[in-house]
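Asks: Now for the letters of each chain:
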Amino acid sequence: MSATGSSNPEYVNARVSARRATLFDEEDYRKLLRMSPDEISRYMEESTYQGPINRLGSRFSGVDLIEYALNAGLAETFDELLAWANGRLYEQVARYLRKFDAWNVKTAVRGVYAGTDPEAVEDDLIRAGEFDDALLDQLVEAESVDAIVDLLDGTIFGDPLAAAAEEYDESGMLVPLENAIDRAYYENLFEGVTSASGAGPESAYAEYLQAEIDFRNVRNALRLARSGAEVDPAEYFIEGGTLFTPEELSTLSRNRDQLVEHIRESRYGDELAGALDEMAEADSLIGFEHAIDAALVEHARNAGHAHPMSVCPVIAFVLAKEREVDNIRAIARGTQAGLDPEEIRAELVVE
Amino acid sequence: MAKDVKPTRKNLMAIEDRIELSERGHDTLEQKRDGLIMEFMDILDQAQDIRSEVEADYQTAQQKLDMARAMEGDVAVRGAAAALKEHPEITTQSKNIMGVVVPQIEASKVRKPLDERGYGLVGSSARIDETADAYEDLIDSIILAAEVETAMKKMLEEIETTKRRVNALEFKLLPELKQNQEYIEQKLEEQEREEIFRLKKIKAKKEEEEDEEQEIEADEREGATTASPKAD
Chain A
1 MSATGSSNPE
11 YVNARVSARR
21 ATLFDEEDYR
31 KLLRMSPDEI
41 SRYMEESTYQ
51 GPINRLGSRF
61 SGVDLIEYAL
71 NAGLAETFDE
81 LLAWANGRLY
91 EQVARYLRKF
101 DAWNVKTAVR
111 GVYAGTDPEA
121 VEDDLIRAGE
131 FDDALLDQLV
141 EAESVDAIVD
151 LLDGTIFGDP
161 LAAAAEEYDE
171 SGMLVPLENA
181 IDRAYYENLF
191 EGVTSASGAG
201 PESAYAEYLQ
211 AEIDFRNVRN
221 ALRLARSGAE
231 VDPAEYFIEG
241 GTLFTPEELS
251 TLSRNRDQLV
261 EHIRESRYGD
271 ELAGALDEMA
281 EADSLIGFEH
291 AIDAALVEHA
301 RNAGHAHPMS
311 VCPVIAFVLA
321 KEREVDNIRA
331 IARGTQAGLD
341 PEEIRAELVV
351 E
Chain B
1 MAKDVKPTRK
11 NLMAIEDRIE
21 LSERGHDTLE
31 QKRDGLIMEF
41 MDILDQAQDI
51 RSEVEADYQT
61 AQQKLDMARA
71 MEGDVAVRGA
81 AAALKEHPEI
91 TTQSKNIMGV
101 VVPQIEASKV
111 RKPLDERGYG
121 LVGSSARIDE
131 TADAYEDLID
141 SIILAAEVET
151 AMKKMLEEIE
161 TTKRRVNALE
171 FKLLPELKQN
181 QEYIEQKLEE
191 QEREEIFRLK
201 KIKAKKEEEE
211 DEEQEIEADE
221 REGATTASPK
231 AD
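Quick mapping for you: the protein sequence lines, in order, are chains A and B.
Numbering follows UniProt numbering, in which position 237 of the first sequence is assigned residue number 237; successive positions increment by one, without gaps.
Numbering follows UniProt numbering, in which position 69 of the second sequence is assigned residue number 69; successive positions increment by one, without gaps.
There may be inaccurate statements among the hints.
What the hints assert, rightly or not - Below, a list of computed lysine to aspartate or glutamate pairs in the EDC-like style, where the Cα atoms sit at most 20 Å apart:
id, chain 1, residue 1, chain 2, residue 2
1, B, 85, A, 170
2, B, 112, A, 167
3, B, 203, B, 215
4, B, 85, A, 167
5, A, 99, A, 153
6, B, 85, A, 169
In short, the hints are calculated from the structure, not lab data.
Please take these sequences and the hints and turn them into a complete structure.
Replies: As structure tokens, then:
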């Protein structure tokens with residue numbers, strides 16, 4: 001619907017819980033793990049992905065069909081969420097789903113940078129955000145980064161991209177543009193969210209957003225510390241979290257042990273204790289990131305249960321749907337690559 | 001071959017010089033061949049290690065890529081890859097191993113820090129970082145393997161060439177030269193014998209002639225002695 005009118009969480013959450021029931025469960029994943037990619041796409045044809053599979057079946061095949069159908073299915077589901085929501089709820093959901101706008105802007109920028117065919121760029125878009133088809137088509141057809149920056153004028157990405165474009169012109173690297181897009185998304189998440197203190201639905205949502213930003217900051221700090229890049233982690237700091245100040249992040253990312261200790265002592269200490277132990281043993285962040293993803297899903301689901309008449313159940317559904325897409329894709333691609341089913345199963349995030 | 005050579009003392013001396021030079025060359029080439037083989041064996045060990053390293057790195061990189069494509073999606077991985085246009089730079093120089101010129105490959109910009117990989121840090125994941133790390137390791141191993149395997153190939157070619165030269169000297173040139181030397185020596189000896197025989201013949205003939213002359217003189221003297229008592 002639109003940002004106008006009064007918020008309608010009762011209606012949206014009733015529809016969301018009906019949709020939640022159609023998500024793939026553990027039994028479905030067990031079946032999928034025993035199937036070939038073609039069997040998986042046939043199985044998907046009997047689910048909510050029927051439309052995308054039939055529509056894209058003539059253009060793609062095998063695992064590519066599955067991946068593009070999953071993205072298209074994700075976009076259709078999230079479009080429905082926006083179509084159901086009204087008023088403040090619409091604003092909050094739309095703001096959260098701008099992550100796909102960020103994805104699409106990055107895809108368009110990379111397409112221009114690498115000289116990719118516009119048709120291929122269009123295939124890679126996930127039309128699940130707030131941008132309408134006309135704007136997305138213009139982004140795909142844009143011939144330069146400057147043209148993309150002009151097209152995004154007036155959106156949350158406009159000003160940050162214009163500022164980062166100067167740095168891009170100097171260095172010829174996409175990093176400043178990509179970081180500006182992602183930061184713009186995260187830093188606008190809190191817009192309109194009143195307070196994280198208290199015990200109401202609004203504060204539960206604010207707490208979830210803080211956790212997402214905190215986890216993102218932790219991931220970035222650990223990745224920078226691991227890579228040994230000579231950059232100030234504060235440059236990549238996203239405002240809105242409670243775990244670090246930019247100064248703390250700069251200091252802590254120079255010493256991984258101190259950083260880990262800081263996380264252990266924070267309110268996420270218990271949630272991430274296992275992941276931190278695993279990271280110390282394996283010297284890899286993959287398991288840690290996997291645990292963070294699972295913790296976020298859990299966090300959103302708990303907030304949704306605690307505040308059923310808020311945006312939290314919708315956000316929990318968004319995350320659950322994203323995990324479903326990730327899980328099916330992981331099974332299909334993993335099976336095609338000949339990975340052991342147990343290895344694939346270990347990577348799935350199942351509620 | 002030997003019959004083409006003129007059996008002269010001058011030629012014999014020239015052949016003896018060539019034999020001496022060839023034998024010296026043969027020894028040197030044999031030493032070079034042995035040295036090259038020893039160097040080759042070292043490089044072979046190194047190449048085998050590097051080849052196993054390349055295979056292991058390739059397996060790791062491929063496994064990481066498969067996992068990244070599975071967990072992040074092919075679109076996300078392709079997107080991250082498209083965010084970087086700069087390729088590693090490779091410069092080649094040469095070094096000399098026992099006279100064999102082998103390449104020395106140096107690469108720069110293979111390993112890139114996180115902030116120079118093109119894709120944004122905020123919207124990507126450790127899985128993509130670790131895939132990129134694994135491919136950087138693989139490229140490093142491939143470059144090293146290219147250097148060592150090219151050196152190995154060049155040394156193998158040089159060993160083959162040296163071996164052919166040693167064999168040519170040992171089994172063709174030196175035997176031919178020795179055959180020629182023997183032929184000339186035999187011919188010269190034969191000529192010497194003929195000369196001695198000829199001289200002996202001349203001497204004998206000369207002595208025979210002298211004997212004949214002496215006999216004639218003696219006959220003449222005897223004839224004169226028998227005629228003089230009648231006159232008395």
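Asks: The structure should be examined with respect to each hint, and the outcome stated for every one.
Replies: Results for each hint:
1. Of the pairs offered as hints, the one joining residue 85(B) and residue 170(A) holds, with about 15 Å between alpha carbons and a cut-off of 20 Å not exceeded.
2. Of the supplied pair hints, the one linking residue 112(B) and residue 167(A) holds, its CA atoms being roughly 19 Å apart against a limit of 20 Å.
3. For the given pair, residue 203(B) sits about 18 Å from residue 215(B) by alpha-carbon distance, which is consistent with the 20 Å threshold.
4. Of the supplied pair hints, the one linking residue 85(B) and residue 167(A) holds, its CA atoms being roughly 17 Å apart against a limit of 20 Å.
5. Under the criterion of a C-alpha separation no larger than 20 Å, the hint pairing residue 99(A) with residue 153(A) is consistent with the structure, at around 17 Å.
6. Restraint check for residue 85(B) and residue 169(A): the C-alpha separation of about 14 Å stays at or below 20 Å, so the hint holds.
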